[in-house]
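Let the sequences and hints guide you as you build the complete structure.
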Amino acid sequence: MKILAIRGRNLASLEGDFEIDFTVEPLLSAGIFAISGPTGAGKSTLLDAMCLALFARTPRTDQAKENNVKLQDVSNEQLSQSDPRFLLRRGTASGFAEVDFMALNGHRYRTRWSVARAREKENGRLQNPRLALYNLDKEEEEQGTRSDLQARIVELIGLTFEQFTRSVLLAQNDFSTFLKAEQGEKASLLEKLTGTELYSAISRRIFERNARAKEAFDLIQSRIQGIELLTDEEENDLRTRLAAAEKELLRVENAKAEQQALQEAVRSVEQQITVRQRQQKEAADKLAHATELLTVARREYEKGVEEQQQSEARFKSLQQEILQARKLDIQLDTAIRDLSHSEQQLKNVTLRKGETEKKYQAAVLRQKQGTEEIARLTSWRERYKKKESIAEQLSALLLHLDAASAARSGVETTNRSIETLRQEAVTLNKQLAGLQRTSANKQQALKQAEADYRSLEEELKAVDVPALDKQIEKLRREREQLLIEQARLEASGNIKELRGRLQEGQPCPVCGSTHHPFANQTPVAPVSALTLQLQDLSNKKETYVTRTRQLARLQQQLLRLHKELADSEAACKEMIGKQQLVASRQEREEAVAKEQSARLDQSLSATDRLFGNSEWQKVWLQDPEAFRKTLTDFARQWHENTEKLHQLERQASARKAECESLASFLPSLEKQAEEAGQLHEKNRAAFSTLQAERKKLLNGRAADSVEQEYTRRMEELKERLKKLSATQTEQSGIADQTRGIADQIAKDLDEASADLLRRKAALDKWIAGYSASSDGQPLEATLLRFTQEKTELAFRLRTQTENKAKVSGLQEELKACRTESERWAKLNELAGSADGAKFRRIAQGYTLDILLNYANVQLRGLTRRYRLERVPETLALQVIDRDMCDEVRTVHSLSGGESFLVSLALALGLSSLSSNRMRVESLFIDEGFGSLDAETLRVAMDALESLRTQGRKIGVISHVQEMTERIPVRVQVCRAGNGRSTLAVES
Numbered sequence: 000m001k002i003l004a005i006r007g008r009n010l011a012s013l014e015g016d017f018e019i020d021f022t023v024e025p026l027l028s029a030g031i032f033a034i035s036g037p038t039g040a041g042k043s044t045l046l047d048a049m050c051l052a053l054f055a056r057t058p059r060t061d062q063a064k065e066n067n068v069k070l071q072d073v074s075n076e077q078l079s080q081s082d083p084r085f086l087l088r089r090g091t092a093s094g095f096a097e098v099d100f101m102a103l104n105g106h107r108y109r110t111r112w113s114v115a116r117a118r119e120k121e122n123g124r125l126q127n128p129r130l131a132l133y134n135l136d137k138e139e140e141e142q143g144t145r146s147d148l149q150a151r152i153v154e155l156i157g158l159t160f161e162q163f164t165r166s167v168l169l170a171q172n173d174f175s176t177f178l179k180a181e182q183g184e185k186a187s188l189l190e191k192l193t194g195t196e197l198y199s200a201i202s203r204r205i206f207e208r209n210a211r212a213k214e215a216f217d218l219i220q221s222r223i224q225g226i227e228l229l230t231d232e233e234e235n236d237l238r239t240r241l242a243a244a245e246k247e248l249l250r251v252e253n254a255k256a257e258q259q260a261l262q263e264a265v266r267s268v269e270q271q272i273t274v275r276q277r278q279q280k281e282a283a284d285k286l287a288h289a290t291e292l293l294t295v296a297r298r299e300y301e302k303g304v305e306e307q308q309q310s311e312a313r314f315k316s317l318q319q320e321i322l323q324a325r326k327l328d329i330q331l332d333t334a335i336r337d338l339s340h341s342e343q344q345l346k347n348v349t350l351r352k353g354e355t356e357k358k359y360q361a362a363v364l365r366q367k368q369g370t371e372e373i374a375r376l377t378s379w380r381e382r383y384k385k386k387e388s389i390a391e392q393l394s395a396l397l398l399h400l401d402a403a404s405a406a407r408s409g410v411e412t413t414n415r416s417i418e419t420l421r422q423e424a425v426t427l428n429k430q431l432a433g434l435q436r437t438s439a440n441k442q443q444a445l446k447q448a449e450a451d452y453r454s455l456e457e458e459l460k461a462v463d464v465p466a467l468d469k470q471i472e473k474l475r476r477e478r479e480q481l482l483i484e485q486a487r488l489e490a491s492g493n494i495k496e497l498r499g500r501l502q503e504g505q506p507c508p509v510c511g512s513t514h515h516p517f518a519n520q521t522p523v524a525p526v527s528a529l530t531l532q533l534q535d536l537s538n539k540k541e542t543y544v545t546r547t548r549q550l551a552r553l554q555q556q557l558l559r560l561h562k563e564l565a566d567s568e569a570a571c572k573e574m575i576g577k578q579q580l581v582a583s584r585q586e587r588e589e590a591v592a593k594e595q596s597a598r599l600d601q602s603l604s605a606t607d608r609l610f611g612n613s614e615w616q617k618v619w620l621q622d623p624e625a626f627r628k629t630l631t632d633f634a635r636q637w638h639e640n641t642e643k644l645h646q647l648e649r650q651a652s653a654r655k656a657e658c659e660s661l662a663s664f665l666p667s668l669e670k671q672a673e674e675a676g677q678l679h680e681k682n683r684a685a686f687s688t689l690q691a692e693r694k695k696l697l698n699g700r701a702a703d704s705v706e707q708e709y710t711r712r713m714e715e716l717k718e719r720l721k722k723l724s725a726t727q728t729e730q731s732g733i734a735d736q737t738r739g740i741a742d743q744i745a746k747d748l749d750e751a752s753a754d755l756l757r758r759k760a761a762l763d764k765w766i767a768g769y770s771a772s773s774d775g776q777p778l779e780a781t782l783l784r785f786t787q788e789k790t791e792l793a794f795r796l797r798t799q800t801e802n803k804a805k806v807s808g809l810q811e812e813l814k815a816c817r818t819e820s821e822r823w824a825k826l827n828e829l830a831g832s833a834d835g836a837k838f839r840r841i842a843q844g845y846t847l848d849i850l851l852n853y854a855n856v857q858l859r860g861l862t863r864r865y866r867l868e869r870v871p872e873t874l875a876l877q878v879i880d881r882d883m884c885d886e887v888r889t890v891h892s893l894s895g896g897e898s899f900l901v902s903l904a905l906a907l908g909l910s911s912l913s914s915n916r917m918r919v920e921s922l923f924i925d926e927g928f929g930s931l932d933a934e935t936l937r938v939a940m941d942a943l944e945s946l947r948t949q950g951r952k953i954g955v956i957s958h959v960q961e962m963t964e965r966i967p968v969r970v971q972v973c974r975a976g977n978g979r980s981t982l983a984v985e986s
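In numbering that gives the first Met the number 0, the protein residues as written are 0 to 986.
Note that these hints are calculated values from the structure, not bench results.
Quick list of in silico lysine to any residue cross-link-like pairs, SDA-like style, CA-CA up to 25 Å: (1) K280 x T290; (2) K694 x L331; (3) K1 x A102; (4) K384 x R608; (5) K246 x E232; (6) K446 x A570; (7) K120 x A131; (8) K628 x T412; (9) K670 x Q343; (10) K1 x Q971; (11) K255 x G768; (12) K358 x R654; (13) K469 x S537.
Bear in mind that the values here come from a model prediction, so they are computed numbers and not experimental data.
As structure tokens, then:
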């Protein structure tokens, strides 16, 4: 994972847009860079912006422990102290944080966290933040909710927020706290920093599982104890009593069955008698109803016969009147046809007369209008007689005018092109002069850079680097050996005096040896001299490294200057070519302008000859298109009016003849209309007379309708009489049948009554016999007593069987629970605890040992004097001082600079621990280096340089002058007043 760019707007003291792009120079090639500036200028805000864009959280806001404390926002809204929206700068309406990064899958992504106030007002309510994720390689936005996108970002970078703040963003203050904290606090910090909370959860789960397993075992055991079982004697006694009760119950049930059979026989006969009585009543009702229907049918039949005879008599009296009506109907049909024919004839004559009158009036009007139009057109032609030649020569005029317009347009276009080319030539001259000056400056800079490069290269060739490294290592080993020797001498007190007393061949009072090689050893150089020599050689090595970097930068500068000089010379050549091209185009345009002016003069002269003067040019020059349209419209109107006048003169004689013809035809049409009216009036009077006579017969009804109504009425009467006759026959049969059924029902009732008496006597006899044999106890009470006794005994035996099965099953379950409980009890004894501390302490000890291994690797690069160790059986830390003969020291005895180096080693070690499964190519250290002296600061910088050689880009936040001077590339955070700051990348 690699950070490519950090951007933002209106965050804390950084007002407006800001950007740090690691893909462009000088940050692209810089392995280590500094973020420097005054205290409070906004250096840490850059790292807050990175965390906001990736996780919508920041380390600083997460440290706000008092989350129940609310702070007042500008919109009178109460927000928690840990709300990251507080980073939005006051007085602004919106802001964002944006990060470009290289994901584990090799693709480039951009994540953006943004927040705004309502209605884009500076005093608006803070809205919920928005998170967006873009795939820059595919140029598309990832979709999903905010939680989905957050999970996607964690998947792409392979780090959670806690892991990110341990491997990419290092805050040394946390590790200083960890270094010197008490064991309880250290355990909590170690859990937060290394993620060992998982082991606490495992320990608590073991404790909970052990408690549940023991609870399950105790529960099953108590359930077994709570099940009551009978003895074998009690169970056998119950079975004997149950068999006797079942035998007695069977006897009583048989008696009950006999009684129920007799009672059922009595109830059956009683039901038969009830059914027969109901049937007898229904038969009587049915007979009465049939008799009544038969009487009604006979009465209706006699009435229908009488009505049929009356209809026949009435129809015979109408026969003569029907015959007369038919004759008048024939005469009426003839009169209707005559009346319709005369009416149609009258309409036709009247219509022809009206149409002829309209045609005559229209012909007179057209004749009048034609005469008036001829007079108007003749007057118009006389008024414009002098312009007749324009209309006749329009084609030639338009040809010359179009040529003049084209020539005039060409002259104007060419003049504009010439002016544009002149301005372009002036601009090109200025640009060429600037390029020539730039090229001369770059040639001078190139000569100076080449001279500096040759001088520095000669200086570096004179240094023997391998020999210098060997000499430094040799002096370092000698100095360590001398320090150890001095420590031993100081520990021995009078060791020098004792060595002076030793004699060759005499035994040593300490070790017993007779050979004493150190008795007369020449004293070695003092430690301070070796330290000065080592420091001198280290300064030479550092100077060589600095010069090497300077040489590399000069080489890059030479390449850049060569390229820029070549580009500048090419641009000059290109500019000269453009000047020549512009001059050539200007000459061509001037020639074209002369040619177009000659054509314009020629066209204007030809047009003057056609018009006979040159006054027309004033109007034409004002608007050539309007002038051309005026000429065209006049010529068209002249020709149209001339043609129309000739056509009207031809139509005048024809219209006169039409009027005379229509005037002679009108009298004959008026006579035909009068004759047709008289005939129509005669036919209408004859039709009215016949119609009045017909209304007197049959009340004006049609004869066929009267005959059809009589026939339909007779058919209805016949059908009705037929139905009434059938009803009489049907009801007579029903009455006879119902009388037979009633007689049979009466007979059946007599037999059923005799049978009921016999069955009741048999039931009374059985009841008397049972009462004598059972000592007078009721049968139902005896049956209930034996049933209850059998049910109770059977339930107790069934419960005994079920309890045996339950105990058998619970014994197997108890065995399995005992095994499970014992297994979890052993595991709980090893790692389980209610608060999770037991397994957490074990895991934290192992994790701390691994962390210390990583930290000691980093610490050896910072200083070879110290080594970190864990105090056995605790989480406390101790320091091994190699310069003091591996003396064990407490971490509280370290100075400020020593504590920083050890804490930095812990921070870098944790970074390695958190990122050992992936490659993390970016590292940001937010820590002040002010507590370090010059030598320690140099060592810390060397350690950071070694991390850079491992492929990491390292950013250090510091305001230490020596450190910022040593780091050539800096992101400078500058105060601008009123709580505002700006960014600038310097090299």
